[in-house]
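J.: Residue strings, one per chain:
2 protein chains.
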Amino acid sequence: MFGDRDFQSEKNKAIMKIRAKVLDAARCWLNQNGYIEVHGPTIIPAVGDWPGSFEVKYFDKKAYLTQGLQPYARTFVASFGKVYTIAPTFRVEKARTRRHLTEYWRIEVAQKCDLDTIIKIQEELVAHICHSLSKDARVELKCLRRQVKDLCKVKKPFPRLTYDEVIDILQKDGFNVSWGQKLDWELENNLSLRFDQPFFITEFPVGVETFFFKSHPNRPELTLSVDLLAPEGYGEMGSGGQMIDEKKVLLKKMAEEKIEQGDQKWYINFMQYRTFPQSGFMIGLERLIQWICKLIHIKEASAFPRLLDSIYP
Amino acid sequence: MFGDRDFQSEKNKAIMKIRAKVLDAARCWLNQNGYIEVHGPTIIPAVGDWPGSFEVKYFDKKAYLTQGLQPYARTFVASFGKVYTIAPTFRVEKARTRRHLTEYWRIEVAQKCDLDTIIKIQEELVAHICHSLSKDARVELKCLRRQVKDLCKVKKPFPRLTYDEVIDILQKDGFNVSWGQKLDWELENNLSLRFDQPFFITEFPVGVETFFFKSHPNRPELTLSVDLLAPEGYGEMGSGGQMIDEKKVLLKKMAEEKIEQGDQKWYINFMQYRTFPQSGFMIGLERLIQWICKLIHIKEASAFPRLLDSIYP
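Line by line, the protein sequences are chains A and B. Residue numbering for the first sequence follows the numbering used here, starting at 66 and increasing by one per position. Residue numbering for the second sequence follows the numbering used here, starting at 66 and increasing by one per position.
What the hints contain is simulated information worked out from the structure, not anything from laboratory work. Be aware that one or more of the hints could be misleading.
Said to hold, decoys possible - EDC-like mimics (lysine to aspartate or glutamate), calculated; alpha carbons at most 16 Å apart, straight line: (1) B:K126 with A:D201; (2) B:K200 with B:D215; (3) A:K122 with B:E120; (4) A:K126 with B:D215; (5) A:K247 with A:E297.
Predicted, not measured: the structure shown is a model, and the values here were computed from it.
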């Protein structure tokens, strides 16, 4: 036992086995569908003012820990058309919640395609994972009191709500929420309780999502973005969208968001490839496991979770 | 093109495809043989005086980047008997060589077994990877001027030399090498040129390998350790051994090597599990690819290599 964790308990063994089976199912689907596995760097150079990166002492330089395959995804997509990576990711998270780890694994996909296509890819992948587990992890699911039928009933297409619709639903329900704000945990939780399978929220306003995402062609106040949410109150477990694919648009957006171009030269250089539509998404492995295994705290989804207060063992 | 890299070249695409195929072959073999995929932490707490760890600013604490699944492997092995991890690894490497990255991926296996068994596992895994590529990566191998027959002829059992034998061979060949010293690059390279398939060196002296390894039962000056070397002059691509499995032996060895027990409490705690033999190995993915793809510099095996002088892009 370390801290409050008993590694030898049947419950913890079942969670760790499901973790392995989720990864195997994801890779099977991705490999069979022609995605090439790639690795971006974990240690990345200056990220300017982007919040949330852990700092690494890299010889006499400052460096940071990755938050995802962006912007490296673009070179891989230029080479192979469709790629994926499954790798650790890091985020300085100062809140004590049941939903955040500072170190987590992500399943990330990037592809030459538009937003609608990447949403369909994401639902195919998640449905495949759920259906695989419903066949190959029955013993572990039973141990965790997750009904096999809950995973069988995950059906494509997943319900899709726009951000506009979400605000409307929540306002009608009496929540004090205004258009343009980030959906906080209470709102996400409430929304997620209305569903019994994963669902999407699309087209978040500019400012709510990262500056990589392309603006909506007809409504420039929106981005071509998508979040994947788990049902039953679990909330967000993935995010993605269609990337900006023109250098001048990126430069303009960086100027608007006051991001120093000097520090971002390495990113801007990635835009040299001829313009092509590129979309992608990232699913937090531990979030997906938290929902599938019905875990109260996300730390149970990781054998050695890293939290604000805990780095031991 | 970034620096000297053209991502769109046929050569670089072939290397990246082989990288994906090596991983797929490794996982197939491990999954089919009952190994459970696990993840240790990337950010680890104080490592005392262990050299070679990058420092991370973890809120108001100092933390470090992992150098492998040790000592976490032990808890996973206690739960599952045999496990593997494929994940990024970090080492401060101040030398400018054609063989070192500061960030690399490792294929790591840990198991309830003795040294001889883990050597056999390692040769089965490496042979499987080579034979898989000889069938599934013919186009890429041709592009890289690697003969398919070079991979077909990788046969179990791999040649095994003891460290004693290696010193003897090198001394007879006129090298100025004495028993007890680490095999430097020149020696490793020379030895490796004598082979046309991967081979092992076993039983390194105490002090040449990490303190985790058990002493030889009959010759306490040796450890139950094993390095995997590539042929054709490429040299070391993996290392492993049988771990110390008794708490009192570990404490004694830590005292001998002047490792502070205070900082290592988290490691010592792992020894609480009832004694069982545990062995493991780690193969450097980029080293394996460097040999398979006949690359002059290891940086070609990684899309965004991290080196002493280079962290961009």
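J.: State for each hint whether it applies.
T.: We went through each hint and held it up to the structure:
1. B:K126 with A:D201: violated, 42 Å
2. B:K200 with B:D215: Within the cut-off at roughly 12 Å; holds.
3. A:K122 with B:E120: holds, 5 Å
4. A:K126 with B:D215: violated, 42 Å
5. A:K247 with A:E297: violated, 20 Å
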